[in-house]
Every structure is written in structure tokens, then in C-alpha cells.
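Chemist: Here is what each chain is made of, one letter per residue.
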Amino acid sequence: MLLTVILGLFSALLMLPFGNKIKTRWSVLLTFVPAIIFIYYLQYVPAVSTGTIYTQILPWVPSMDINFAFRLDGLSLLFALLISGIGTAIFLYAIKYLKGHPYFDRFFGYLCLFMAAMLGVVLSDNIFSLFIFWELTSISSFFLIGFNNDSDESRKSALRALTVTGMGGFFLLAGLTLLGNIAGTYQISDLVAARDLIIGHKLYPLILALICLGAFTKSAQFPFHFWLPGAMKAPTPVSAYLHSATMVKAGIYLLARFNPVLGQTELWSYTLMIVGGFTMIFAAFHALFRLDLKGILAYSTISALGVLTFLIGLGTKEAIIAVVVFILVHALYKATLFMVTGIIDHETGTRDISKLAGLRKIMPWVAVAGGLAALSSAGLPLTFGFIGKDLIYAATLEGGGTISVILTSLAVATNIALVAAGFMAGLKPFFGALPDSLKDTHRPYAALWIPPLILGALGLIAGILPGITGSYFSLQAADAVFGGNTDLHLALWHGVNTVLILSLATLGTGTLVYLANKPNPKKLKALERLNVISPQYFFDLIGQGLLKLSQGYTNVVHNGYLRSYHLKIILFAEALLAYKLWLSGPIQLDWSSLTALSIYEVAVVLILIGAVGIVLSTPYLLTAVVAMTVVGYCICLMFVFYSAPDLAMTQFTIDTLTTVLFVLVLYKLPPFLKLESSTRRYRDIAVAMSFGVILSLIALKVMNEPIDKSISQFYGENAYLLAKGKNVVNVILVDFRGIDTMFETVVLSIAAIGVYSLLKLRLKSSEKE
Amino acid sequence: MELLLILLLGIMYAAGVYLILRRSMIKLLLGIMMMGNGTNILIFVMGSITKGKPPVINTNHNIFQDIYADPIPQALILTAIVISFALSAFAIVLLKRAYALLQKDDLDDLNTPEEEDI
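Quick mapping for you: the protein sequence lines, in order, are chains X and B. Quick note: the first sequence uses the working numbering, first residue 1, plus one each step. Quick note: the second sequence uses the working numbering, first residue 1, plus one each step.
Next comes chain B alone, as it looks inside the complex (with noise of 0.2 Å):
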């Protein structure tokens, strides 16, 4: 399994990596959301995986029993993914209002000059 997701990661960064060379803002956009869910994979798969034993303490138990799955990865990744979230809801909405200043999706457009008064 592990060979699989790292086969996955590396398509997740490859499309991240292509999108982001694309002129088209939203594309930008889904390039560094995409290349973000790549990341959190490749942090999931570097802490070992394990299956079906979450990091969570047997009720009547107050330590571990038995192997549990590493919990580190998973705080670094939670905290990456709410992180990311804020990223892109405020890149959304300037997204939203380059559109309406430009009334086009072409990254170049954001290039004229500052004398230029847009």
C-alpha cells in the first residue's frame, strides 16, 4: 500500500506542479490545493502507516495496550489542512475580486503597470 500512495503522491505533485505554470488564475488556484493534499500524503506515509489502531487510549486503560498508529503525522497534517483551508477561502474571494476588476482569468492581465489606473 505504501508504494501505491507514494505513486500517488508524486501524480498529486506532478498535476499541483502543471497547474501552477498555467496562466489561468483559479488553475494557480487548484495547483497549490492540489500540491497541499500531496504534501499531507507524503507526511501520512513518513510516519509509517498503520492499520485500524487510531491513537486513541482503550476507555479503561489510561496507556496503550497494544501498537498504535504514530499520532505526530496526524497533528502535523490536521493543523495543515486547516491552514490551508484558510489559504484558500481568502484566495477564493480575491480571486473573485480580480475577476470582477479584469473580467478575465489570465494571470498576465495582473502584470500592467502601476500608473495605470485599473
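Just chain X, same shape as in the assembly (with noise of 0.2 Å):
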């Protein structure tokens, strides 16, 4: 399993050196990626389908229990088999779409990349590595959603894909952390025996709210919607591929995951209930508005991703039943549906409904793989839709009242407009007459409608045989998001019933609601004039306030004035040392500790401010230089008095050192502006006094602290008994923190080359001004 994974982020990896051979005929090498992968699933459906679960842990930080632990289950294999199998339709197809591109193996290298990220959320079983996954199916959609990176519009959409679905990942990381904590335990396998524990805990609420958070932004559910119709700037095979099976089922399947460890609680399937409810009607309904085929389909995308979120929510054995068959069905019709629009947008290049019509007779096999999908998706009798849409009706219809009548008439509305959408998109473009300004589009390649005609009559085949699928690929999956055993069983015939009546009576109604809508641009303009009200404009605002902030911001705290930053610093500093001041109460002074004063000593003092003064007053810089020396020298006598010969000697060498490099290097300067007005120089003052006070002050206070004295101790006593020196000062520097002095003669050295490098680098002609 974990092979699979690494094979995919391999290929990717690939692409860097082989990039450029694999836009030339050896580009077909690339389907063998999901193929193999495919493959290598398959061969686990006879022995999952009875129930085994195959585990592999790789540890990565085992202390903390976080590893790289795979498991496949029916539900796991269900996914990662359509990851691979629709990836590997896409890949073909994609080929032949983007054959000649220039960035053609940057766009398999992203594709690779996310196939490879699908596959470990879905087979993950450690809270991290599925969420590591998680963001890694972020990322790589980014790129793949801006994919066309000279479009403006489709770097936005890119972006707001990202910071939605990102925003979402890091509430999810939340909820999966306190989950597993509470638990005790990351591996979600395990976190089911916990489930008693985690539903009466009181952070419970807590929990359910950060994962739905993360599962409905993922998931494109209302109010998160709207990044799912703007990533349809994608090239067609991303958007195929990602809004079938892969990218916006990760929330699903994460609902689905949880749903035996969270699920079926009041607070679950009113959540569910709700929000997935009102997606499948809002976004069924906008369906039939949109003129754009994409458009179309993303809107009916959103709608089917509300109808599984609202069936998890239900939570009955008939709805996860449901669930499961409907992800299959969904992935099915949908990717065929999204390659087939592509086909018909590379053709005739555009994706217009009002204007497409009658291509039947130019691409036949197209318009079959079109077909397909679309009857599938209405539901018609022997597609794999028909069972599909059953088991949703059999599922609402299941707790009788009132309630299941709501619910019932619910989907039913839902499914009215799923059915029209479908057609709007499967059937619409090929009947009819063609118009003479589609008569000179070309056939396409067969490469093109070869895999969305098989996974069309792929779903004819399920349809026809609902027993096989059933039991080899929905039962196990089923089992394991109910967490119990659900007995499912998929037929074609039930006999004549309620579900049967309702599943015809939507498909006529849904195709009368075709017939009858016609989109025209009026209709849409319409309903975009409620924009102002939408949740992506509200998002778009968001968007711009924080960047005029940010903006504000840095104007003001970056300005680009270095002793304005000072000046911030000082400040902030100021009020954090006045505030613990003020907390540690007053100040005690202890005269008799002082030391007595001497006339020479208060001299020295006094000569040292008048120092002060004077290089803070000059406009001289020689004199200001001067001035600093004495203050230096003044400093030197102070070390004198109180017994640091060793200071007295070194600050004394080193002020004269510095003056006299001063006076050598800079004597050519000229006296110092006068630049700043006076309330600014008032200011300054004030903040300068106010710094000198609060220093004064820290300083009383400390010298009332008792000292520790162990360690000078040490010293004091061990300097020649240990290291034969006399000295103590010298001791400890050259001896006992040797090292650091060592090091300082580094720093002192390092400053030397750069004084020596940088008087004797010349002035280049052209930097003289």
C-alpha cells in the first residue's frame, strides 16, 4: 500500500529530469502510473469483498504515536480503486488534451503528485498522515486549479480553492487532535472502541464542529461552496478528475470515516441534515441556470456532494446503503460527463449550451459515452443510476411521518433538477440540428473518447448487474461506515413499489423540467444580481480587509525609518518594564550597605555627565568624538577606584583605539545637521528620560536582591589551586571559559578583515556620483 503512494509522488518526482521526454511519444508510459496502481487494487477485491482488512504501519515519530499506518477496508479499497480506475481514464485522456502544451510534464507531475496524496488520505489510519495527505491534496490542486497561470482569473480561482480548502484543513487538524487526545489514541481505527468516551465527552460539540468544517469546505458545501464553480477554470481533465472522484469526495469519505466514531448523535445528523440538505437544492437549482457546460456540472457536482452529506446525516442502514452506492454512481457519470465536455470544448471551442447542438453527427461515440452518462445520471431503468436513486428514496421514505415525507419530497426535488442537468449537459449538445457554424469541427482522436465511452458503459454494466457490484465493491465499504453489518444487497427489480412510482415520476418530471427550461443569459444575469448576498462576495470582502490591513500595517509598524523602528522599540520596551515595575511594589533601600563617598569620585561623576552633555549637544563631530573619550576615560577611573584593574587597563587601550580610528577615518565629515524640528526633539527627549528613569529604577531594585556568590567563590578558590593563576579575572577568561574567549578573538578577527576589506575596496567610476 504504501508502495502505491510512493509511486505516485515518485513519478511526479520524475518529471523533473525526464520532463522534456515526456512530451515526445513516450508520454503514453504515463498511464501505466494509475494503471498499475489499479491493478495492483484490483487484486484485492476478491479477498476484501469477504471481509479481510490488510494493515501496514511504517513508524515515523512512534514516542509520539504519530506513524505512517495503512489500512484497507471496503471502504478504503472502494476509493482508492476509483482514484486509480477514473485516474487512469483521465490520464489517457489527458495525453491527448494536452498534447503539445508547454508545460505538459509539469501538468503529469502535479497529476501524480495528487493522485499520490488521494490515495493516502484514503488509506490512511493515523490522524497525521491522513491530514499531512489532506493538505498535500490542497497544494497540489492549487497548482492544478491554476493551472493556466497566465489567466488571471484562474489564479484567482486557485487561490480562493486554497485559503477555502486550507482554511479547512487547519480546522481539522483542531478537531482530529483533540479527538485523538481524548481517545488516547490517533489511530483511527482505534478511535471507534472510544466512541462512548468521545460522544460524552463535553469537548464533543467542539469536535464535530472543526471536522465538519474541514470535511464541508473540502467538500464544496454550503457556504463554502463557491470555490468549487471557480475551479472549473481548470483544464477539463483536472476538473474531471477532481470533482468526480477525487478532490471533493476527500470530505465525504472523511464524514464517512468518522461516521461509526462521531455519528449518529442528534447534533451529527441535524448538522448533516441541514447544511447537506440545502446544498443539493441550491446548488440543483442553480444547475439549470448556468449556460456553460462546466458551469452545469459543477452546480449538479455540489448538489450530488450535498446528497451524500445529507445520506450520511440520515445515518440509516437504507442511507449509508445509499451513500455508498451513489459515490460509485456519481464518480461514474460525472467524470464521463466533464471528459465529454472537454471533448466537445477542445472541438469546437466553446461551451456555450445555447450554441451546441446536433454534434451527434460529427462525433457518434462521443455523444454515446454523453449518452450514458447522462441516462445514468437521470436514473433510467438498467443504468447503475437507476439503483442508486432507488436506494436514496428507499433511504428517506425508510423512517415513515411526516419527517421522511419532507425528506422524500426533498430529494425528489433535488433529483428533478439533478435529471434535467444531465441532460442539459449529456444529451443537449448532440441533438437537434447542427449549426452551420459547427460544421467544420473536426472528429476527435480516439484517445480522446475512448475513456469516458468506457467508464459510460461501465456504468451500464453495474446498472445490469447490481448483484457483482454489490457485493464486491459495496458491501464491505458499506459495512464500514455504518460500523455494523448492513446486509447490503443491490437488485434491479423490487417490484412494483412507492420507490419505483417516485424514481419514474422523477424521471419524467426532470425530463419535462429539460424540455421546458431554456438558460439564456437573461436568466443568468438575474440570478447574479443576488451575488451581493453570496457567500463568496462575503469572502472576497474578508479577503480585501485583510489586505488593506496588512497594508496599513506595514505603513505604519515598516516605514522604512530605522530610528522610527527605534523608536517603536524603545517605547514598547518602556511600557513592558514600567508595568512589571509597578507590579513588584515599592523600593527599599538599604543605606547602610552603601558604600561611603569620596570627593575625587563625585569629581570623576561629574566630569563624566558634563561629557554627556557636551556630546549630546555639539554640533562638532570631533568634538562630540573627544567628548566620548573622556566619558570613556572618566569610566576607566570609576574601574580604578573600585578595584577591576584588569577593566581599567583594557577600557583605557580600547577608548584610544576607537578614538583613534574615529579621528583617522571620519575626520573629512562635516559638522552635524541640524535636520528635525523641535517637537520632535522634545519628544525624543522625554522618551529618552523616561528610559534613563526606568533603567535607574530597575537598577535600586536589583540592588536590594541578594546576590549569590557560589560561583565567584569557585572561582576565587579554586583560580590557582586549578589553573595556577593569581589573577582571578584572568583566570576565568583564559582558563575556565577559555572556549568563549577563543571565540571572541574569532569575532574580533572577523571584525579586523571586514575594517581591512572595506578601506581598502576603491570607489568604482560608476558609483561616484
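In short, the hints are calculated from the structure, not lab data. Incorrect hints may appear among the rest.
[Said to hold, decoys possible] Quick list of the computed label-pair ranges, beta carbon to beta carbon:
#1 B:His-61 / X:Tyr-682: 56 to 66 Å
#2 X:Leu-562 / B:Ile-83: 13 to 23 Å
#3 X:Leu-197 / B:Ile-83: 57 to 67 Å
#4 B:Ile-83 / X:Gln-588: 29 to 39 Å
#5 B:Ile-83 / X:Glu-676: 27 to 37 Å
#6 X:Arg-681 / B:Ile-63: 54 to 64 Å
#7 B:Ile-83 / X:Ser-593: 26 to 36 Å
#8 X:Leu-562 / B:His-61: 21 to 31 Å
#9 X:Tyr-600 / B:His-61: 29 to 39 Å
#10 X:Arg-681 / B:His-61: 14 to 24 Å
#11 B:Ile-63 / X:Val-602: 49 to 59 Å
#12 X:Leu-759 / B:Ile-83: 14 to 24 Å
[Stated by the list, open to error] Some chain X residues close to chain B (C-beta under 10 Å, calculated; not the full set):
#13 Leu-637
#14 Met-638
#15 Pro-645
#16 Phe-691
#17 Leu-761
Think of the CB as a built atom: it goes at the ideal place given N, C-alpha and C, for glycine as much as any other residue.
Combine the two chains into a complex, taking the hints into account.
Modeler: This is how it looks when you write it as C-alpha cells:
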């Protein structure tokens, strides 16, 4: 299992050295990547369908229970097969679709990365590896959606998708970590055992909200649905892959996976049913007004995702069976419809359904594929969609009473719109008279129409042989989601009952809606007027607000003037220190411990203060430097008075050297300029004075603190005994802390090299102004 | 005497802060040096000052017989003095270089955007 994920990642990496080669006739090799993975997982089908579960654990940070744990059960296998199977079709299709594109290699690199990440998501059994792969899908889908990087709209859509799904991922991480901490394990398969503990915990509503946010953003549930129509800016193979079987289904997968852990509580059911129910109706209604083929498909995808969320929320045995079957149904027909749309777009150059008609004459096989998918999506008897629709109605009808009537009518209304939308996308372009403008359309390559035809035909086969499909692909998956035995058994014919009547009624009404509904730009415009209250509008508003805020912040805080930075830092430090000082209470002075004053000390201090005054006030550079030297010498005298001969010597030498350097190097400089206004000067004086006062007060406070002399004593006692030196300061520097001093010497040499090279550097003629 | 030193370090810090808030590059450097000296005095005072008892062991003995000044602050300050010299020496030549290019002792002139080839 790990190998398949690595294979995907490795193929993405291979695009770097072999990218140019793959652009030529070797491109077919690419198809082998998903095909091999598909075949690999197919061989697990017989074993898994009898309930075997495969696991593989690769320790990563075992001490923190973070592992690459993989687990293959019915649900994971269903998704792995969808990802790799539809992936194979998409790869084959995209090779032709993007032939000759300058970024051909890059595209497949992203696609392999994405596929590997998706496989990782559905196979992971550890919370953290799940999250990592989850984020990886967000990032790689960002690259795929923004693939047409010279289009402004495309970049914006990609960013929007990344922001929404990335934000969701953030919440998801928080939710999953909380969940893991409460349950005491990060192993997803072990969480089920802790179900009662989790549901009873007071943080359960928070965990539920966080995980739902993660799933809803990924699966484009209202109000986060808007990134999905935007993501249609991607090349069509990407849309076909991301929006049929993979990216958006990741959210559904998450909900399904955590259904046995978190699900079947009132909170869970209501949240999912309300959000899912609203999304399915809202998006299905929107789909009817789109002119763009991909727009129709985008909204019908959102609607289908809403149906799935709704059904998981319902949570009954029938509902879970419907979920599992509908995932497969939807993946098959939606991928087909997207690919058909891509072919039409590729050959005619337009996706506007009001302009497309009669294409069956030019591309008969494409018409067959589109028709099969449209019929499956409409739920015509004999197609797999029929079974899916049956199960959905069976699920909503199951409870009985008023609630089930409401739920069923919701489902029927959604499905009617979905039938019409499916017909619009799958049938409309092929029927009617061929307009003159499309007469010159050339026939599509076989490599383009074969993949959708296969997927469309699979929908039909699965529908004719529901028993096999059910027992091999759906039973174990449904059991895994339900967390118990579902006794799933799919059949084509259940006899004449309410479900069948509803199904046929949906089909009939849907057809009528399709015939009656003629989308045109006017209706679309009317709908777009409502954009002011759409979530996307608010989202963009927040985005712009944030941008302005950060711009304003940057302008104020990072204005590029060094002294303004200094001012802010000092003011902040002052506030912090003053607050701390205020907290620590009054200052007490122990007068008896102070050293006595003598007259020469007072004289030195007075000279020092005078020198500081001169440094501050003189307009001449040289005077300032000399006054600075006086300050240094005075400090040197202090050191002499208070028993620090080594310091005095060093201070004296260094001060002299600095002055010499100053004078030698900078003697040419002009007097100081008077650049600032007096108000600013007074402000700075106030800031500086308060800083000095605060520092002095702190020093006074520290004076009263007892000093730990044990280290000094150690040095004092052992200076001679251990290091054979009688000057303790020297011994500390060159012996006890010798390595520190060595590095200090290194610093000095680096500075010396810097000084030397700067002095030697001559001005280039170009640098002279 | 401690009180006087504390007053002194307050003044030196205030002077240093005032200097680094100026526009002149030289004053910036002087301000940094001033604050450095103030810090040295701060460390010195904190280590409790002792008059006339350097931390040097009498030639005739192997260990101290008397009280002595704390050697640790002294070792720290010694390091600080040397390092601050390295800093100011480098800064001085850097200032000279900047002055040679700009012909002006004004920090704001260093804000020139990158695209402008100075």
C-alpha cells in the first residue's frame, strides 16, 4: 500500500529530469502509473469483499503515536479503486487533450502528486498522516486549478480554492488532535472503541464542528461551495478528476470514515442533514440556469455532494448503503460528462449550451458516452444511476411519518433538477440540427473518446449486474461506514412499490423540466444580481479587508525609517518594564550597605556628566568624539577606584583606539546637520529620559536582591589551585571560560578583516555620483 | 556611591536612547557606544562594588585571605568592552564608506529603493 503512494510521488519527482522526454512519444508511459496502481488494488477485491482488512505500519515518530499507518478495508478499497481507475482514464485522456502544451510535464507532475496524496488520504489510518495527505491534496489541487497561470481568473480561483480548503484543513487538524487526545490514540481504527467516551465528552460539539468544517470546505458544502465553480478554470481533465472521484469526495470520505466514531447522534445528524439538504437543493436549482457546460456540471456536482452529506447525516442502514452506491454512480457518470464536455470544448472551442447542438453527426461515440452518462445520472432503469436513485428514496422513505415525506420531497426536487441538468450536459449538445458554425468541427481523436466511453459503459454494466457490483465493491464499504452489518444486497427489480413510482415520476418530471427550461443569458444575469448576498462576495470582502489591514500595518510599522523602528521598540520596552516595575511594589533602600562617597569620585562623575552633555549638544563631530573619549576615560577611573585593574587597562586601550580610528577615518565629515523639528526633539528627550529613569529604578531594585556568590567563590578558591593563576579575572577568561574567549578572538578577527577590506575597497567610477 | 553610579547609568542610557533616535549615522553609532558604556556600569554595580580589593591572590598565598571584589562581573565587562570595540571599529569604516557614496550623514538617504543604482 505504501508502495503505491510512493509510486505516485516518485513519478511526480521523475518529471523533473525526464520532463522533456515525456513530452514526446513516451507520454503513453504515464498511463501506466495509475494503471499499475489500479491493477494492484483490483487483486485485493476478492479478499476484501469477504471482510479481510489489510494493515501496514511504518513508524515515524512512534513516541508520539505518529505513524504512517495504512489500512485497507472496504471503504478505502472503493476509494482507492476509484482514484486509480478513473485516474487511468483521465491520464489517457489528458495525454491527448494537452498534447503539445508547453507545461505538459509539469501538469502530469502535479497530477501524479495529487493522485498519490488522494491515495494517502483514503488509506491512512493515523490522524496525522491523514492530515498530511489531506493538505497535500489541497496544495496539489491549487497547482492544478491554477495551471493556466497566465490567466488572472485562473490564478484567483486557485488561490480561492486553496484558502477555503486550507482553512478547512486547519480546523480539521484541531478537531482531529482533540479527538485523538480524548480517545488516547491517534489510530483511526482504534477510535471506534472509544466512541462512548468521545460522544459523552464535553468537547464533543467542538470536535464535531471542527471536523465538519474540514469536510464541508473540502466537499464544497454551502456556504463554502463557491470555490468549486471557480475551480472550473482548470483544464477539463483536472475538473473531471477532482470533481468526480477525488478532491471533493475527500470530505465525504472523511465524514463516512468518522461516521462510526462521531455519528448517529442528534447533533451530527441535524448538522449534516441541514447543510447537505440545503446544499443539494440550492446547487441543483443553480445548475439549471447555467449556460456553460462546466458550470452546469460544477453545480450538479455540488448538489450531488450535498446529497451524500445529507444521507450520511440520515445515518440509517438504507442511507449508508445509498451513500456507498451513489459515490460510485456519481464518480462514473460525472467523470464521463466532464470528459465529454472537454472533448466538445476542445473541438468546437465553445462550452455555451445555447450554441451547441447536433454534434452526434460529427462525434457519434462521444454522443454515446455522453448519453450513457446522462441516462445514468437521470436514473433510467438498467443504468447504475437507477439503483442509486432507488436507494436514496428508500433511505428517505424508511422512517415514515411527516419527516420522511419532507425528506423525500427534498430528494425528489433535487433529483428532478439533477435529471434536467444531466440531460443538459449529456444530451443537449448532441441533439437537434447541427448549426452552420459547427459544420467544420473535426472529429476527435480516439484517445479522447475511448476513456469516457469506457466509464459510461461501466455505468451501464454495473447497472445490469448490480448483484456483483454490490457484493464486490459496496458491501464492505457500507459496513465500514455503518460500523456494523448492513446486509447490502443490490438488485435491479424490487417490484412495483413507492420507490419505483417516485423514481419514474422523477425521471418524467426531470425530462419535462429539461424540455421546458431554456437557459439564456438574461436568466443568468437575473440570478447573478443576487451575488451581493452570496458567500463568495463576503469571502472576497474579507480578503480585501485583510489586504488593506496588512498594508496599513506595514505602512505604519515598517515605514523604512530606522529611528522610527527604534522609537517603537524603545516605547514598547518602556511600557513593558514600567508595568513590571509597577507590579513589583515599592523600592526599599538599605542605606547601611552603601559604600561611602569621596570627593574625587564625585568629581569624576561630574566630569562624566558634563562630557555626556557635550556629546549631546555639540554641533561638531570631532568635539563629540573627544567628549565620548572623556566619558570612556572617566569610566576607566571608576574601574580603578573600585578594584578592577584589568577592566581599567582594557577600557583605556580600547577607548584610545576607538578615538584614533574615528579621527583617522572620519575627520573629513562635516558638522552635524540640524534636521529635525524641535517638537520631535522634545518628544525624543521625553522618551529618552523616561527610559533612563526606568533603568535606574530597576538598578535600584536589583541592589536589594541578595546575590548568589557561590560561583565567584568557586573561581576565587580554585583560581590558583586548579589553574595556577593568581589574577582571578584573567584565569576566568583564559582558563575556566577559555573557549568563549577563543571565539571572542574569532569575532574580533572577523571584524578586523571587515575593517581592512572596507578600507582597501576603492570606489568604482560608476559609484561616484 | 552606588546611588551616584545608578544615576550615572540612567543618564548614559537616556543619552544613548536620545542619540539613536537622531537622523545622523554618526550619532547613531555614538548612541550605541554610550548605551554600551551604560550597560557596563550597570553590570558593575549589580555585582556589588568593593573598594581597593582587586580579585588578585596575594603572591605569598594560594587562596584568598581577605574579602575581594567579585571577579565574574569584571570578566563579563571585559568581554563586553572588547566585543563592542569590534562593533564600533567595523561601524566606523562602514560609515566612512556610506559617506563616500552618499556625501551625506543622513540615515534617511540609506532608504533609497533597490532599483536605483547608487
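Chemist: For each hint, tell me whether it holds in the structure or not.
Modeler: Hint by hint, here is what the structure shows:
1. B:His-61 / X:Tyr-682: 56 to 66 Å: holds (58 Å)
2. X:Leu-562 / B:Ile-83: 13 to 23 Å: At 22 Å between Cβs, range holds.
3. X:Leu-197 / B:Ile-83: 57 to 67 Å: holds (58 Å)
4. B:Ile-83 / X:Gln-588: 29 to 39 Å: Given about 35 Å between the Cβ atoms, the range holds.
5. B:Ile-83 / X:Glu-676: 27 to 37 Å: holds (31 Å)
6. X:Arg-681 / B:Ile-63: 54 to 64 Å: holds (56 Å)
7. B:Ile-83 / X:Ser-593: 26 to 36 Å: holds (32 Å)
8. X:Leu-562 / B:His-61: 21 to 31 Å: violated (54 Å)
9. X:Tyr-600 / B:His-61: 29 to 39 Å: holds (31 Å)
10. X:Arg-681 / B:His-61: 14 to 24 Å: Violated: the Cβ-Cβ distance is about 57 Å, outside 14 to 24 Å.
11. B:Ile-63 / X:Val-602: 49 to 59 Å: With a Cβ separation near 36 Å, B:Ile-63 and X:Val-602 fall outside 49 to 59 Å, so the hint is violated.
12. X:Leu-759 / B:Ile-83: 14 to 24 Å: holds (21 Å)
13. Leu-637: violated (12 Å)
14. Met-638: Constraint on X:Met-638 satisfied, holds at 7 Å.
15. Pro-645: Status holds, d = 5 Å.
16. Phe-691: Status holds, d = 5 Å.
17. Leu-761: holds (7 Å)
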